[in-house]
Amino acid sequence: MTALSGLRVVELANERIAFAGKLMADMGADLILAEPPGGDPSRDYPPFLDNKPGPDRSLYWWHYHTSKRAIALDLEDPDGAKTFRKLIATTDVLIEAEPRDRLSKLQLDYPTLSEIKPDLIHIAVTTHGRKDPRSDLPATDLTIMATSGPPWSCGYDDHSLPPIRGPLQGYQTAAHFAYMSALTALLYRGVSGEGQFIDVSMTAASNVSTEAATYSWLVAQKTVQRQTGRHASVSPSGETQQLCADGRYANTGVPPRFPHEFTALYDWLKSLGLEQELPEAVFLEMGAEWQGPFDLSLIGQDDAITAIFGAGRAALQLIASSVSAQDFFLGCQRAGLAAGAVNSPEEAFEDEHFKARGFHTHVHHEDIDRTITYPGAPYRFEKTPWSIRRPAPKLGEHTAEVLAELDP
Amino acid sequence: MPGALSSFRICDFTGQLAGAGATKWLASFGAEIIRIEDPVREGRWDILRGTPPFIDDRRGIDLGGAFNNHNTDKLGITLNLRDEKAKEILAELVRVSDVVSENFAKGVLEKWGFGYNQLKAIKPDIVYVSNCGFGHVGPYSDFRTWGPIVQAVSGLTFSSGLPGLEPAGWGYSFMDHTGAYYMAMAIMLALLHRQKTGEGQWVDLACTESALTLHGPALLDWTINANPMRREGSPHSNRNQWPPMAPHGIYPTLGNDEWVAIACRNKTDWDALCSVIQRPWLTDKVFATLEDRLNHQDALDQHLSDWTKDQTKYEIETALQNVRVPVAAVLTPEERIDRDPATGSFGLWPTVQHREMGEVRVDGQPVHFSKTDWEMTHGAPCLSEHTMDVLTRVLGYSEDDVIQLASEGVI
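First to last, the protein sequences are chains A and B.
When the letters of the first sequence are read in order and numbered with the working numbering, they come out as residues 6 to 413.
When the letters of the second sequence are read in order and numbered with the working numbering, they come out as residues 5 to 415.
Don't read these hints as lab results, they were simulated from the structure.
Remember, predicted model here, so these are calculated numbers, not experimental data.
Cβ coordinates follow ideal geometry from the N, Cα and C atoms, glycine included.
Where hints are given, some of them may not hold.
[Stated by the list, open to error] Far from chain A, some chain B residues (derived; all Cβ distances over 12 Å):
| no. | residue |
| --- | --- |
| 1 | P43 |
| 2 | D61 |
| 3 | N73 |
| 4 | K89 |
| 5 | D208 |
| 6 | Q282 |
| 7 | A303 |
| 8 | D367 |
| 9 | S388 |
[Stated by the list, open to error] Here chain B is said to cover these stretches of chain A; the calculated rule only asks that three of the stretch's residues, wherever they fall, bring their Cβ under 8 Å from a Cβ of chain B:
| no. | stretch |
| --- | --- |
| 10 | 8-19 |
| 11 | 73-87 |
| 12 | 252-261 |
Using the sequences and the hints, build the whole thing.
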């Protein structure tokens with residue numbers, strides 16, 4: 006028994022919603038991926054198994070379609086449309102990212118489908134929402150993010166360098182909202198018996214996911230400016246990214262503010278034999294002995310607070326430049342300071358913490374007789390665990406099986 | 005109108021964005037969120053309560069703009085959990101709640117006597133969702149994080165940058181937003197399971213782990229092909245790997261710090277782009293096929309920047325939209341909030357009424373439901389704003405009881 010077991014979700018194959026489908030499928034939904042007979046284009050996206058392109062070798066496909074069943078279905082063909090209607094009669098959630106008028110032209114839009122299945126939850130994902138004609142313009146993850154905020158806030162202190170987008174996250178943020186919408190509508194259906202139509206805007210999803218950039222404008226009509234490796238800010242803030250002795254970077258976090266933090270930092274500095282190299286070390290001792298509140302709002306006004314706070318930051322930077330990024334991370338955390346190594350994804354994946362939590366997920370691929378290690382669960386449920394129940398399906402792999410279920 | 009989630013009550017200890025963002029979603033669909041804060045420290049555990057941005061530069065514990073943004077339509081009560089009577093009130097509240105949610109460091113609720121086992125003893129089918137950087141299980145479970153640390157440790161900071169430079173990272177707490185989304189999912193998944201089986205459960209959410217699932221196929225490329233993202237020339241995150249596209253990037257335009265994003269997915273897009281640019285370099289054979297363009301991206305980007313830099317981002321956006329090439333001006337906050345008609349007509353920036361701040365616009369939800377749409381009307385609760393309401397209406401105390409409890413320092 007898993008959280009979504011017993012629920013059927015139909016996904017009309019589209020790279021924009023593949024992740025939303027995976028999230029539901031890995032929590033136990035019977036997810037049926039309906040593809041056109043030629044297959045979805047993302048079946049051919051790199052990277053590839055053993056770096057060799059070819060059918061069923063796309064790791065992009067493998068990643069985004071775990072736990073799903075695939076059927077080939079031509080909605081333009083009357084028989085295909087008929088099968089789709091039959092399928093919808095057994096479906097709880099339909100998720101699609103079709104051009105706005107495609108399903109109505111095929112007479113497969115929500116008004117029609119909800120006659121077949123009155124409690125259907127139909128989730129339509131478009132770039133700008135159902136009412137905006139710009140939803141029919143071509144767009145990619147990059148252009149979706151550019152228009153909706155993230156790159157404005159991401160990049161370098163040097164503004165002659167372009168703003169940066171974090172890859173994939175325009176699609177994935179929209180997928181999170183599509184999934185949250187599905188769960189919300191399912192809970193309501195559980196109480197009321199009613200389905201409904203849900204309009205998800207991808208650009209709106211990123212627009213409401215950019216933190217201070219948005220509410221600095223909404224509340225105070227102020228504009229944040231991007232900075233290297235730290236929050237975009239209305240006024241410039243101190244650097245938090247430091248090159249470590251092993252050539253990797255660390256995020257030095259918030260400098261110490263409490264006596265026990267100054268004590269721990271000073272002890273660490275001494276244990277590394279670095280106290281002579283930090284002229285401000287004396288202020289760490291003052292911080293360790295500080296009585297009463299250490300009011301950060303007085304930085305720049307109160308000489309002692311300014312010097313002590315500055316010494317904390319300087320000590321962190323000195324230590325970071327003297328040890329490896331991982332040692333810096335572990336040392337800070339043991340001193341009670343929230344700091345981190347800037348890991349690459351593979352370094353993060355190989356970290357002992359995630360291994361110990363069981364994040365590495367082993368999935369056997371029968372066709373090639375290999376067991377593949379996948380990234381694991383985004384959350385740990387005590388009773389209804391996340392799981393990858395099968396590798397991504399081949400084109401039409403489950404067509405016969407699903408058709409037989411529809412016509413027993 | 006009943007909300008989609010009106011039948012649920014959440015006993016909510018969350019704060020900051022990583023937690024408060026989760027219950028904001030639930031509140032906007034009608035769930036009753038009862039936010040519990042410490043009267044002694046005036047709720048300052050949530051640092052956003054009293055930090056900028058402020059309306060008219062008015063400062064105070066009830067006036068933080070971010071706090072208001074993340075806590076719309078929640079009820080706020082105070083309980084001094086150092087006091088046994090306050091613990092009894094909390095137990096009564098748990099007994100009539102569906103969910104207990106928190107994003108403290110590991111062990112905080114347990115120390116107060118409200119760990120999962122204790123919660124279960126009070127309410128056997130309770131859903132308990134804890135959310136912290138490294139989760140409650142594993143060697144780093146005592147470590148502390150905030151958004152940028154989660155992003156650094158999980159690989160997200162690294163994956164955002166240009167080759168040969170240090171990571172650009174995320175200019176905001178992307179994983180506080182996203183961690184909140186995973187927390188909302190966890191709460192709702194557990195409620196669906198309970199709706200089906202009557203059974204509650206604990207969900208251990210680690211934001212770093214949620215973040216680690218967001219690298220797409222990069223981790224399979226690592227586990228299967230041993231291709232690391234940390235390698236010469238990588239990452240180059242304005243370019244696209246999956247699928248490969250060229251050109252694909254963010255280019256300078258006329259004006260100060262003005263940019264446009266352009267992507268050519270295929271030959272059709274490239275031909276359309278060429279029809280607009282009409283410059284001799286386009287016919288250079290090194291740019292003939294997608295493979296050629298991928299092999300000469302630096303030169304291609306240089307040529308394209310020379311073309312974009314003399315026009316405004318909107319001129320380029322219009323010209324390329326007309327020939328159906330993926331394009332978008334990089335918008336400033338002002339432009340996307342107040343000048344892009346799409347976000348306004350979508351209702352993305354609703355105005356809420358806050359008791360002290362007055363009318364304030366906030367982040368809405370990027371979705372619309374045909375029957376039970378979200379709604380945001382009230383701003384974040386002022387400290388203890390709803391203690392009287394909750395204790396009398398939900399728990400059946402008299403007004404005199406509540407006044408007495410306040411005088412005793414219980415609430």
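- Compare the structure with the hints numbered earlier in the document and write down the numbers of the violated ones, lowest to highest. Numbers 2, 3, 5, 8 and 11, in rising order.
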